[in-house]
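Participant: Heads up: the protein sequence lines correspond to chains A and B, in order. The UniProt record's numbering puts the first residue of the first sequence at 1, with every later residue one more than the last. The UniProt record's numbering puts the first residue of the second sequence at 1, with every later residue one more than the last.
Treat the hints with care, since some could be wrong.
[Said to hold, decoys possible] Computed from the model, here is a short list of chain A residues facing chain B with C-beta under 7 Å:
| hint | residue |
| --- | --- |
| 1 | Thr44 |
| 2 | Gly55 |
| 3 | Met80 |
| 4 | Met211 |
| 5 | Leu213 |
Quick caveat, the hints were computed from the structure, so don't treat them as lab data. Please read these numbers as outputs of a predicted model, since none were measured by experiment. We treat Cβ as the ideally placed atom computed from N, Cα and C, and that holds for glycine.
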Amino acid sequence: MLVIALDTSTPAVTAGLVELADTRPHSLAERVTVNPRAHGELLTPQLLDVLAEGGHQLGEVDAIVVGAGPGPFTGLRVGMVTAAALGHASGTRVYPVSSLDAIAARTEGNSPLLVLTDARRSEVYWAAYGSRKPYGVRERLTDPAVDRPEELPPRLEGLHVRAAAGESAARHAPDLGLEVVEPAYPSPEGIVAVAGAEVVAGADPRPLVPMYLRRPDAAAPGPPKSVTAERGRT
Amino acid sequence: MSTDGGPGRIVLGIETSCDETGVGLVRLEPDGSVRLLADAVASSVEQHARFGGVVPEIASRAHLEAMEPTARRALDEAGIKLSDVDAIAVTAGPGLAGALMVGVSAAKAYAAALGVPLYGVNHLLGHVAVDTLEHGPLPSRCLAMLVSGGHTQLLSVAGVADEVTEIGSTIDDAAGEAYDKVARILELPYPGGPPIDRMAREGDPNAIAFPRGLTGPRDAKFDFSFSGLKTAVARWVEQAREAGKQLPIADIAASFQEAVADVLTEKAVRAAVELGLDTVVLSGGVAANSRLSGLARERCAEAGITLRVPRPRLCTDNGAMIAAVGAHVLANRVEPSPLGLSANPGMSVDTVVLR
Ligand SMILES: [Zn+2]
Numbered sequence: 001m002l003v004i005a006l007d008t009s010t011p012a013v014t015a016g017l018v019e020l021a022d023t024r025p026h027s028l029a030e031r032v033t034v035n036p037r038a039h040g041e042l043l044t045p046q047l048l049d050v051l052a053e054g055g056h057q058l059g060e061v062d063a064i065v066v067g068a069g070p071g072p073f074t075g076l077r078v079g080m081v082t083a084a085a086l087g088h089a090s091g092t093r094v095y096p097v098s099s100l101d102a103i104a105a106r107t108e109g110n111s112p113l114l115v116l117t118d119a120r121r122s123e124v125y126w127a128a129y130g131s132r133k134p135y136g137v138r139e140r141l142t143d144p145a146v147d148r149p150e151e152l153p154p155r156l157e158g159l160h161v162r163a164a165a166g167e168s169a170a171r172h173a174p175d176l177g178l179e180v181v182e183p184a185y186p187s188p189e190g191i192v193a194v195a196g197a198e199v200v201a202g203a204d205p206r207p208l209v210p211m212y213l214r215r216p217d218a219a220a221p222g223p224p225k226s227v228t229a230e231r232g233r234t
Numbered sequence: 001m002s003t004d005g006g007p008g009r010i011v012l013g014i015e016t017s018c019d020e021t022g023v024g025l026v027r028l029e030p031d032g033s034v035r036l037l038a039d040a041v042a043s044s045v046e047q048h049a050r051f052g053g054v055v056p057e058i059a060s061r062a063h064l065e066a067m068e069p070t071a072r073r074a075l076d077e078a079g080i081k082l083s084d085v086d087a088i089a090v091t092a093g094p095g096l097a098g099a100l101m102v103g104v105s106a107a108k109a110y111a112a113a114l115g116v117p118l119y120g121v122n123h124l125l126g127h128v129a130v131d132t133l134e135h136g137p138l139p140s141r142c143l144a145m146l147v148s149g150g151h152t153q154l155l156s157v158a159g160v161a162d163e164v165t166e167i168g169s170t171i172d173d174a175a176g177e178a179y180d181k182v183a184r185i186l187e188l189p190y191p192g193g194p195p196i197d198r199m200a201r202e203g204d205p206n207a208i209a210f211p212r213g214l215t216g217p218r219d220a221k222f223d224f225s226f227s228g229l230k231t232a233v234a235r236w237v238e239q240a241r242e243a244g245k246q247l248p249i250a251d252i253a254a255s256f257q258e259a260v261a262d263v264l265t266e267k268a269v270r271a272a273v274e275l276g277l278d279t280v281v282l283s284g285g286v287a288a289n290s291r292l293s294g295l296a297r298e299r300c301a302e303a304g305i306t307l308r309v310p311r312p313r314l315c316t317d318n319g320a321m322i323a324a325v326g327a328h329v330l331a332n333r334v335e336p337s338p339l340g341l342s343a344n345p346g347m348s349v350d351t352v353v354l355r
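Start from the sequences, fold in the hints, and give me the full structure.
Facilitator: Right, here's the structure in full:
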């Protein structure tokens with residue numbers, strides 16, 4: 001089966017064309033550009049590039065899989081809305097997956113690990129993962145969450161996590177006493193792997209809802225400020 | 001070539017610059033006229049109400065949720081298939097950065113998937129071009145007055161979307177913003193335009209002499225300022241409250257509204273006369289205000305100027321206005337935007353199609 005993979009949940013703008021056969025996804029063409037300011041510009045041109053390089057038309061694609069985050073707001077929406085419009089235009093099913101799961105799916109070995117990505121404001125998006133399931137997907141041990149890195153140790157107790165992957169692993173793994181492992185970003189093969197079972201079964205996709213994990217910054221206004229206060233009214 | 005009852009080219013327009021997700025469909029007929037086929041809008045205005053203004057992140061989230069369903073609704077309304085669409089137009093700016101990015105990303109994906117040209121167009125010109133959907137072609141030159149929560153501008157427009165010059169604009173708040181702020185002062189709901197308009201009908205517009213911003217002999221002739229007016233209303237209300245007086249809400253609303261409509265229409269008519277333009281297009285969300293359109297009608301008639309006001313539904317932000325600009329640039333064989341286009345939140349009015 002021919003599957004498009006998209007992800008804009010991290011600074012990496014990711015588009016790939018992936019062949020999903022038997023038990024593992026195989027990348028036919030991919031473009032990954034690390035540029036946190038260019039999600040909106042690069043994603044569609046990169047997608048057209050991978051289709052051209054892979055020698056396929058959008059109409060031949062069997063499914064679209066998109067990373068639904070967690071990720072900082074603005075960039076994350078680029079991948080989601082691109083996937084929705086492509087799915088609409090081509091009549092193709094669109095499967096959202098956790099971008100953290102996509103990173104975990106391409107890690108080596110079998111021991112429990114942590115995936116950390118940058119949530120900005122001194123916080124990380126994270127989840128812990130255990131043993132492998134079909135398509136190389138890792139079993140998730142915790143729900144995806146957003147926290148300060150120093151808040152993690154008590155949350156990881158008893159999970160036997162030894163390594164960390166994801167873009168923020170290099171920065172925080174030493175403090176957490178963990179080994180840093182690849183990959184740093186979701187790859188097209190990892191993205192497709194997470195939805196592999198659903199895609200092959202032709203399952204109905206879940207709703208295309210991004211994983212924000214944070215509420216919008218917005219405060220209800222207080223009472224109007226006095227315009228005469230500065231004239232000495234106390 | 002569309003399959004929808006003969007020749008003509010169908011343009012799908014996407015608008016996400018503020019809090020309305022709009023998808024419109026128009027057909028550019030072989031004779032150059034443009035016909036409205038569908039206009040679907042999803043608004044997040046209610047989610048912003050308790051914040052007293054548009055919250056960018058809330059608007060962006062709502063755009064993502066509404067994008068595909070709104071596109072489907074527009075296509076159903078027009079009774080056409082996505083594969084009938086010959087070009088995609090999208091608001092490339094000006095507007096809220098995160099909000100624009102949702103529409104532009106969707107537009108690129110639709111254009112790439114359908115293999116049709118993409119036009120990243122100017123939102124402000126949409127407010128002008130939309131009038132051609134209702135009242136037919138515009139004269140070769142006209143004056144446009146755009147008044148909304150986000151903009152307050154006088155533009156000299158040639159050929160709908162060829163050459164646009166800004167004649168004047170607000171130096172502080174947009175007129176619609178002033179309505180929202182005054183509504184808060186008067187404890188009326190958000191957005192402030194409709195409730196103030198309603199209250200004003202019961203009040204005396206000459207009860208309180210609120211200031212007319214930038215109307216002094218040495219002020220910029222065609223620029224606007226509404227921040228002083230808003231402060232004057234706040235001060236008046238505060239003093240009345242301190243004095244323990246019952247607030248004459250209807251009179252305050254009517255007098256505030258009169259000050260806004262007076263300055264806007266006076267400057268627009270003067271600009272049209274000085275520039276020798278015989279047509280004024282009044283558009284944007286605040287154009288639906290009864291006193292503004294009423295006074296504009298009166299003053300334009302006195303000056304022998306034709307006033308064109310699109311129906312309220314087309315005055316507020318929508319996708320049809322963007323599709324209308326798309327149809328005009330398509331007719332003019334303007335080169336499309338690249339798929340690497342970036343939205344420009346500060347896009348200037350003299351840019352019609354962004355590259
Ligand atoms: Zn507008």
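Participant: What are the numbers of the hints the structure violates, in ascending order?
Facilitator: 2, 4 and 5
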